[in-house]
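J.: Now for the letters of each chain:
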Amino acid sequence: MTIELSQFFQVFFEESFEGLDVMESGLLSLDPENIDNEEINSIFRAAHSIKGGSATFGFSSVADFTHVMETLLDEVRSGSRSISQDTVDLFLQSVDCLRELLQGLQAEEEVDTTRAVELRGQFEEILGVAPGAETTGEPAAGPQSAGWHIVFNPCEDMLQTGNEPVRMFFQLAELGQMTVRTDISRLPSFSGMTLENCYFSWEIDLIGPAIAKSSIDEVFEWVVDDCDIIITPLAAEHSVTVDAPAATSVPVETQADIPVPAAATSIDEPATETGLASAKDAAPAVAKTGAPKKNESGSIRVDIEKIDTLINMVGELVITQSMLGQIGADFTFDKIGKLQEGLQDLERNVQVLHESVMQIRMLPISFTFNRFPRMVRDLSRQLGKKIELVVKGEQTELDKTVMEKIGDPLVHLLRNSLDHGIEKPEVRVAKGKPETGIVSLNAFHQGGNIIIEITDDGNGLPRDKILKKAQANGIVGPDAHLTDEQIHDLIFQPGFSTAEVVSDVSGRGVGMDVVRRNIQELGGHVSVKSKEGQGSTFSISLPLTLAILDGQLVRVGKQVYIFPLVSIIESLSVDMKQVSTVAGACDLLRLREDYIPIIPLYDAFGIEPDSRNLENSLIVIVESEGVKVGLVVDELQAQQQVVIKSLETNYQSVEGISGATILGDGTVSLILDIAGIVKMAQGIGINDLSSGQQAA
Amino acid sequence: MSKILAVDDSASMRQMISFTLKSAGFDVVEAADGIEGLNQAQQHKCDLVLSDVNMPNMDGITMTRELRGLPDYKYTPILMLTTESGGDKKSEGKNAGATGWIVKPFKPDQLLNTIKKVLG
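Note that the protein sequences, when read in sequence, are chains A and B. Using this note's numbering, the first residue of the first sequence is number 2, and each one after it goes up by one. Using this note's numbering, the first residue of the second sequence is number 16, and each one after it goes up by one.
Note that these hints are calculated values from the structure, not bench results. It is possible that some hints are incorrect.
[What the hints assert, rightly or not] Pairwise CB distance ranges, derived in the manner of DEER restraints:
#1 B:Q57 / A:E342: 45 to 53 Å
#2 B:D87 / A:Q396: 38 to 46 Å
#3 B:R80 / A:Q178: 37 to 45 Å
#4 A:F332 / B:K60: 55 to 63 Å
#5 A:E219 / B:R80: 24 to 32 Å
No residue lacks a Cβ here, since even glycine has one placed at the ideal position from N, Cα and C.
Excised from the complex, chain A in its bound form (with noise of 0.2 Å):
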């Protein structure tokens, strides 16, 4: 029988990257000086898994470079080594080395062991052993003959080991044709025998062609070190004496339970009926699916509860149905309210179905959060700063596609937070800080949104210096007054950049503007707080998930779009004297404090309203990026989540118009994109008179 190994690789590769992460986290919190018992154990448990799958399911480069990763592990672990900052460095390079070759084995590609050979080297090198002294050959087959004597002087409490005589000669007359003496003499009266010893010994002549003493040695394996066994070629004649193996264990016959030899039954049980259990209990073929992204998987691991939910709803909407199949099969007016009834259940379960089924897609940041810790640990190390991450709301959900594109705008935010603004430990120290800077992590829940921040203690933004980068780039006018939140604000503007020299670590004026780009196509945004000489928070906010859509239905003539219900702040009819009327721009409204800019929405989108007149229509107020606006319809519908389905896949991107939906009649509606409207208006020109708005 052959067993296909490669029906595990899956679930072999699976483990293994968690391994690699839990080797990871563990090295990063090992601390040379005091090392935790706890933590080292499960970084070798790790390591040491690795190398048993790698070695097991083939795949020796792994295997043998998690060899010596384990054995100094080993070592450290034993405590008779002690370990460097730099051996924890060389550790963690190997797990990236590792998680590498596992991603390209899993790929199916051809492995580059370059690496892995090198840094394999400088384990030996610590270990002491010669470069890949380690070779596990087959043991030599020894000497043969044609026949053994062999006497096995077992150890009294053998038996309560397991290992059972009477198996041993079975192997050994599988051989060739075996004669056995058994001496008694070592029994002792009834009265002082204790019944879960072995008291026998034997001397057994071994006859058979060319019997090679390994397959002897064996058969006694796992006894050899506690039994007296001397194996001996048998001279060239042979006399045969006693024929029947067992033949004299006559004294302990009546203890069937004992299981001294004769108690040995059922040995000859059938091990064959293979074809029904394996077909059942096959693991499902492993989908050779081509080279996985490097990023976006495919496949998602989904808390049992939550598939237990979903299949609990599916339930109750099968029992609805049910329901709902009865009274129509013979329906009569007076069964109305039942109707409307498990019309009612129907919509709850909907409802509760639809959450269920998103939140599968919803998994803790943590699966983001969880790579930082190396990375600020190494950047920290090049930087030759001193800086302590603290991360916070790991445990936030976020949706998996979210999830898997805000990864490199967090991983930007995060250098620049290290390399620009942590300052090195002696200045902190002449500045009256602490030496070790903070840079936190913090994820959390606001409104329909996903807050996520990244605060740190360092120098804050240079407010002079980056409004003298934006006057000599022409970003701002030369005698532009603008208030702190908006100079800082510029460091999202393309071409930007403030660092006097372009470091490895982070941008090179390229960065900011990718940043805010990348994030708002998620649906989110980004801004930052700072104050000059005590750190800068950068708050990014996306939405759940990409899929929904909180909407309000907004009817302008004919037209019925949709308007996010997160960035409505109010609607409001008019009061004609509150708005006013700029020459060459567009009318505002003053509203309490703040003049709001308006834009009718069916010039915008070129319509005829119910009504061009603004106090026959409504004016709704939303928000972008702090930057208010009135969007001038002609009736507010209901509110509904929708489900976004994406313009551009199905037509084009239109300017304003983030994605479409299908209503509950069947129409096609527009979802609007605040950001983009708001910046239509500010091409308008309202871009001074809307920043103003503060100062007002």
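Here the structure of chain A is known, so what remains is to put chain B in place on it, guided by the hints.
T.: Only chain B this time, still in chain A's reference frame:
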């Protein structure tokens, strides 16, 4: 049909062992660490125990010692799955009451051969 308890913290090893044994017609009970192993052993009367050595929560050697204390498992063969080809773990295992060992890495047919050696 003989029932075998397979204890290993690695899911891929467990799957491989379990699949191999089931294909050969054995009944298989799985456990991911020593504590689970003890629980399973008490719920199912197993004819043979295969156990990894290094596991979280309770290692294979401790589990073996505990198993030997149970009346049902006094003489049951217990095989350690060990990567340590050196003597340390083997004698530690033997002292705890293990019957023998299978050295990792092993191929499915090696596993079966060894098991047939024990179960006859």
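J.: A separate judgement is required for each hint: does it hold in the structure or not?
T.: Hint by hint, here is what the structure shows:
A hinted range of 45 to 53 Å for the beta carbons of Q57 (chain B) and E342 (chain A) is consistent with their spacing of about 51 Å. The given range of 38 to 46 Å is respected by D87 (chain B) and Q396 (chain A), whose C-beta atoms sit roughly 43 Å from each other. Separation of R80 (chain B) from Q178 (chain A) is about 40 Å and conforms to the stated range, judged on CB atoms against 37 to 45 Å. Range check, F332 (chain A) to K60 (chain B): about 59 Å between beta-carbon atoms, so the 55 to 63 Å window is met.
The supplied range of 24 to 32 Å is met by E219 (chain A) and R80 (chain B), whose beta-carbon atoms lie about 26 Å from each other.
The structure agrees with every numbered hint stated previously.
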